[in-house]
Amino acid sequence: MFEVQSVDYAKHKFFNIRDYGAVGDGQIDDTHAIVETIAKCMEGGGVFYIPTGTFVVRSSLIFKTNYRFTITGDGLSSVLLWEFDDHLIVILSQDGSELSHLTIRDFAITSRAVLKPLDKFAIYAQDLVQSQIEHIIINSNDSKSSPVSSGIAM
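Position 5 of the sequence shown, counting from 1, maps to 5 under our numbering, and the rest follow consecutively.
No wet-lab data here; the hints were simulated from the structure.
In silico lysine to any residue, SDA-like type, Cα no more than 25 Å apart, as pairs:
| id | residue 1 | residue 2 |
| --- | --- | --- |
| 1 | K13 | S93 |
| 2 | K120 | S140 |
| 3 | K64 | V90 |
| 4 | K64 | N16 |
| 5 | K64 | R18 |
| 6 | K13 | R105 |
| 7 | K40 | I62 |
| 8 | K120 | L61 |
| 9 | K13 | L128 |
| 10 | K40 | G26 |
| 11 | K40 | V90 |
| 12 | K120 | M42 |
| 13 | K40 | G96 |
| 14 | K40 | D86 |
| 15 | K40 | Q130 |
| 16 | K13 | G45 |
| 17 | K13 | L76 |
| 18 | K13 | S100 |
| 19 | K64 | G21 |
| 20 | K13 | S60 |
| 21 | K40 | D29 |
| 22 | K13 | S77 |
| 23 | K120 | D29 |
Go ahead and model the full structure; you've got the sequences and the hints to work with.
Below, the structure written as structure tokens:
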């Protein structure tokens with residue numbers, strides 16, 4: 001469906017959610033481990049990495065920083081399973097200034113629910129400029145394969 005582009009991780013601090021306890025089996029709640037990974041990544045920026053697996057998320061993942069960072073995965077085999085009715089990924093600056101040069105790429109967001117509230121988004125980014133979001137799939141895994149109602153807001 002899409003080609004995963006390689007990232008030179010040697011140039012950046014690398015934060016793998018499995019290193020902080022995420023399991024990725026589609027059953028166990030991985031929220032706490034993912035939030036811990038985010039906290040470490042936000043201390044100075046870097047690469048927030050979602051490896052192959054299905055990672056259950058039950059509360060918003062808030063990236064609040066003024067540092068440049070990347071959220072990346074291994075393509076369609078890296079899945080965040082969105083199991084609540086609020087924004088999934090929220091990106092904010094610490095001081096209200098614009099955030100620039102961020103990259104979000106190469107993973108899937110799946111919901112077990114057919115529809116989310118119309119004012120809740122899979123990715124919500126405030127004051128994001130000169131950044132890229134690419135190769136992100138947002139869908140529902142219900143029997144009808146319905147799309148999730150709200151995708152990306154910037």
